[in-house]
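Go ahead and model the full structure; you've got the sequences and the hints to work with.
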Amino acid sequence: EAQVTQNPRYLITVTGKKLTVTCSQNMNHEYMSWYRQDPGLGLRQIYYSMNVEVTDKGDVPEGYKVSRKEKRNFPLILESPSPNQTSLYFCASSLLSPEGRGLYGYTFGSGTRLTVV
Amino acid sequence: GQQVMQIPQYQHVQEGEDFTTYCNSSTTLSNIQWYKQRPGGHPVFLIQLVKSGEVKKQKRLTFQFGEAKKNSSLHITATQTTDVGTYFCAGHQIYNFNKFYFGSGTKLNVKP
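Protein chains in written order, with the working numbering: chain E, 1 to 117; chain P, 118 to 229.
Note that these hints are calculated values from the structure, not bench results. Wrong hints could be hidden among the right ones.
What the hints assert, rightly or not - Under the rule of at most 25 Å between Cα atoms (straight-line distance), these lysine to any residue pairs were calculated in the SDA-like manner:
1) K153/P to R44/E
2) K57/E to N215/P
3) K174/P to M122/P
4) K153/P to G63/E
5) K173/P to Y104/E
6) K153/P to V60/E
7) K216/P to Y104/E
8) K216/P to D56/E
9) K216/P to T13/E
10) K187/P to Q45/E
11) K174/P to Q85/E
12) K187/P to L96/E
13) K168/P to Y104/E
14) K173/P to E134/P
15) K168/P to L96/E
16) K216/P to N28/E
For clarity, every value in this text was computed on a predicted model and none was experimentally measured.
Pasting the structure below:
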């Protein structure tokens, strides 16, 4: 089944304790991205990757890191989590259009609900 | 700041009534996509519009892309309780294909 798999689904952690949220897709998609979803703010892009070893900042990258060493995996790293990073996080992937001019529809993971206390 | 705005933020309708959500961008979009997120779920891709003035239908859902490619709408005819959820529009700016902006979403509640 074509899917984006995120782990864990739920995570409660303490301020400053490094954590990684994993994301893996089995559709050979070039483009992968992380979003956070907060009430009233919609989906905000944290980081995205156009392909292996190619990553760039989205709109809210502060406090996050990513890497893209393999095409299928795109982990999100919080080196020193803070309470304002409490949120619902989604990983998503998409094919790039043949001309490289945009995305086809995203496939989203099921989400990771992170609470930082 | 927010590149893509959506209105209304919330909409409560009686089952059988119609529903429309509007999406407006401050800049020209290369395409527009629509997603639905059920309560407690993740966004699911519905459709993509690319051409100026394009109209597409999926059963009771009608999607439009404005002539200037700066606005879009989703219209649901005769809502059902299964339509409950949040509807998001999203798109690329025409000169920046790397970033993808989501609207703030319209939360639809349908009373049986």
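Is K216/P within 25 Å of N28/E, Cα to Cα? This hinted pair holds, its Cα atoms lying about 20 Å apart.
Take a quick look at whether K173/P and E134/P sit within 25 Å of each other, Cα to Cα. Distance ~20 Å between K173/P and E134/P Cα, so the pair holds.
Hinted pair K57/E and N215/P, Cα distance within 25 Å: Holds, because 10 Å separates the two Cα atoms, which is no more than 25 Å.
Does the alpha-carbon distance linking K187/P and Q45/E stay inside the 25 Å limit? It holds: about 20 Å lies between the C-alpha atoms, which stays within 25 Å.
Hint consistency between K168/P and L96/E [alpha-carbon to alpha-carbon, up to 25 Å]: Between K168/P and L96/E the Cα gap is close to 18 Å, so the pair holds against 25 Å.
Please work out if K174/P and M122/P have their alpha carbons no farther apart than 25 Å. 22 Å, holds
Given the proposed pairing of K168/P with Y104/E, does the C-alpha separation stay at or below 25 Å? Holds: K168/P and Y104/E sit about 14 Å apart, inside 25 Å.
Between the alpha carbons of K174/P and Q85/E, is the straight-line distance 25 Å or under? At roughly 39 Å apart (the allowed maximum being 25 Å), Q85/E and K174/P break the hint.
Check the hint pairing K153/P with R44/E against an upper bound of 25 Å on the C-alpha distance. Between K153/P and R44/E the Cα gap is close to 16 Å, so the pair holds against 25 Å.
Could you grab the alpha-carbon distance between K153/P and V60/E and see if it respects the 25 Å cut-off? 23 Å, holds
Taking 25 Å as the top limit, are the C-alpha atoms of K153/P and G63/E close enough? 29 Å, violated
Restraint check for K173/P with Y104/E, where alpha carbons must lie at most 25 Å apart: 16 Å, holds
Consistency with the previously given hints fails for numbers 4, 9 and 11, ordered from lowest to highest.
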